[in-house]
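Student: One-letter residues, chain by chain:
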Amino acid sequence: MRPACASALALLLTILAVAPATAHHTGTYTPKDNAITTNFKQLKFSVQAGKFDVARRLFDDGPLRREMRARAAALPDGLEARTRAAFDAGDAAEVERGLMVFFAALGRDLALEADRQLAAGAAPAPTGARFLEAIWRYYNLVDFAVSRRDARASVAMRLAYDDAEALVRPAAAPAAVSAARVRESFRRIADILSGIIHAPPAPVR
Amino acid sequence: MSRPPLIVVFVAVMVIALGELGGAVLSQLRPAAARWVAARVVANPAAHGLSGSAEYDEEVRDRTVFAVEAGLSFFHTHAEGTGLVLFFTSTLVASVVHGVRARTALYLLLTAGALFPLGYLTYALAVLQLGRDAGVELAERWVLTPLGVAAIVGILGLAAALVRRPTPEEG
Amino acid sequence: MTPPISETWRLPPRAVLLAALLLLVTAEVGGASMARFKLELARWARGEMQRHPAVHGLVGVRDVDERALDEALFRFETGLRLFHMHAEGMALVIIATTTIAATLTGGASRRALVVLLAVGGVGYPLGYLLWSALIPGLGVERGKTIAEWTFWIPFGCATIVALLWLAALIAARVIRR
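Chains as they are written, first to last, in the working numbering: chain C, 1 to 205; chain R, 1001 to 1171; chain G, 2001 to 2177.
Hints are computed from structural coordinates only; laboratory data are not their basis.
For clarity, every value in this text was computed on a predicted model and none was experimentally measured.
From the three backbone atoms N, C-alpha and C, an ideal C-beta is built for every residue, glycine too.
Certain hints may be false.
For lysine-lysine, the following DSS-like pairs were computed, each having C-alpha atoms within a straight-line distance of at most 30 Å [stated by the list, open to error]:
| hint | chain 1 | residue 1 | chain 2 | residue 2 |
| --- | --- | --- | --- | --- |
| 1 | C | 32 | C | 44 |
| 2 | C | 32 | G | 2038 |
| 3 | C | 41 | G | 2038 |
| 4 | C | 51 | C | 41 |
Derived Cβ-Cβ restraints for the label pairs, each shown as a range [stated by the list, open to error]:
| hint | chain 1 | residue 1 | chain 2 | residue 2 | range |
| --- | --- | --- | --- | --- | --- |
| 5 | R | 1052 | C | 162 | 20 to 28 Å |
| 6 | C | 163 | R | 1059 | 18 to 26 Å |
| 7 | R | 1058 | G | 2032 | 38 to 46 Å |
| 8 | R | 1102 | G | 2157 | 34 to 42 Å |
| 9 | G | 2025 | R | 1049 | 45 to 53 Å |
My request is simple: use the sequences and hints to build the entire structure.
Tutor: This is how it looks when you write it as structure tokens:
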């Protein structure tokens, strides 16, 4: 009896170690907005409705402005002040530009951090995928604003993102993902977003 | 408490068993089921409005897989519930309803009502064959509505019988 | 010769009824706890997840990790919710089906069916509780694999086999009549 029990136990341990639980439907997760993206949407809709006093209050008290202040060193000089002034002046285009630069900066910093972590030896596929997701979550909010001011940059960003995604989620096995190529793609994304951040103000089409 | 006829008990047990099986299919066989559904959609392009464009068709396929899984999920939850409802309500009928005709009518209505979850199974299969809108219409018109009405009428009939039942003092 | 079957319901053993009621109480307490201790549970789960960064693929960057933590927390809460729902339901299934088995079957079949239905019914929902408990330390998929092979599959199979067996026995009686 003991050898049979041992075999059964070994089999169970093997199954637990290797068998994936691909089944068992347990609901669908819908990603939520964080405090910054929620605040952004509040500002956007208030400005679109022409309610600049509401938008200014949401900006003054909101997490987006706090984050702008926390990252002031990595943002263009005076971005927060210019954006605040745009709310006062009721200048929707300038508000949009200020927020566009802010989210582009968030995406750029994430791309640089991804490059740093991959250089330190992080697994390229899972780490790259997570960072790409986070970058797109921010960039997606301002892609339209980017395309209205610089269509070429918008296209370049989309292409760079698609290329990076194809690298981190290849049809082939994850072991085939090249860390060097993934790093290069993140550097490219960081360059494009830096270009958007430091571009001179352009007329809105 | 008195027990209802064997055939009613059999239907109750079978409905619960099928509900459990539906749950097992939803969990353990989910990847295989999704693959089968996707293959059925591709085999039936006219019913699903496939265009030949990969991006659009992939969305149609995913939506259909989701609709079939939803039908199966509803079947699982409702079958577990209506099987129990039949068990308890038919026990009440056996215990408190007098008159063979009244009991027979209530057994028939309640048993038909317990088969209500088959409407969701019908929906899941009909969506595959006929497309979403036609599938919903077929399931609603021919299965869900009539069986749902039977369940409601049966339970109302039982309630009426309970109200009309003489108290021990009246004899 | 098949013994005559009772025209009234025969209750299953008291231990089975107690097990079902205990499961029902656990489900209700679980549901109440989910509401009353929602914040504490979420805090505990997040803390544990952050203590196991490699398991959840955390990279130490808030904007990246918040999604992973949020999804794992969603699964954690889903497991508790599914435990509550399934325990409520399976308790009633145990009472009804063991009553049917105790009344309409006899001998060794009755004992086997009552045991399978009771054990399967009690065990299955506990798999969801185990899954939730394992998510913070072992991750969503690993926890699900363990719960699947230790609870959902064995206890689920026991219940399904018993139900189909019971249905077959009742069908045989119906046909013999």
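Student: Indicate, hint by hint, whether the structure satisfies it.
Tutor: Here is what the structure says about each hint:
1. Simply put, residue 32 of chain C and residue 44 of chain C have alpha-carbon atoms about 18 Å apart, close enough for the 30 Å limit, and the pair holds.
2. For the hint pairing residue 32 of chain C with residue 2038 of chain G, the CA-to-CA distance comes to about 18 Å; that is within 30 Å, so the pair holds.
3. Between residue 41 of chain C and residue 2038 of chain G the alpha-carbon distance is near 28 Å, which keeps this suggested pair within the 30 Å criterion.
4. Taking the CA atoms of residue 51 of chain C and residue 41 of chain C, the gap is about 14 Å. The hint holds against a cut of 30 Å.
5. Judged by the Cβ atoms, the range 20 to 28 Å given for residue 1052 of chain R and residue 162 of chain C holds: they are separated by roughly 23 Å.
6. In this structure the supplied range 18 to 26 Å holds for residue 163 of chain C paired with residue 1059 of chain R, their Cβ-Cβ distance being about 23 Å.
7. One distance hint, 38 to 46 Å for the beta-carbon pair residue 1058 of chain R and residue 2032 of chain G, holds here, with the actual separation near 44 Å.
8. For the pair residue 1102 of chain R and residue 2157 of chain G, the supplied restraint of 34 to 42 Å holds, since their beta-carbon distance comes to about 41 Å.
9. The given range of 45 to 53 Å is respected by residue 2025 of chain G and residue 1049 of chain R, whose C-beta atoms sit roughly 51 Å from each other.
In this structure, every one of the numbered hints holds.
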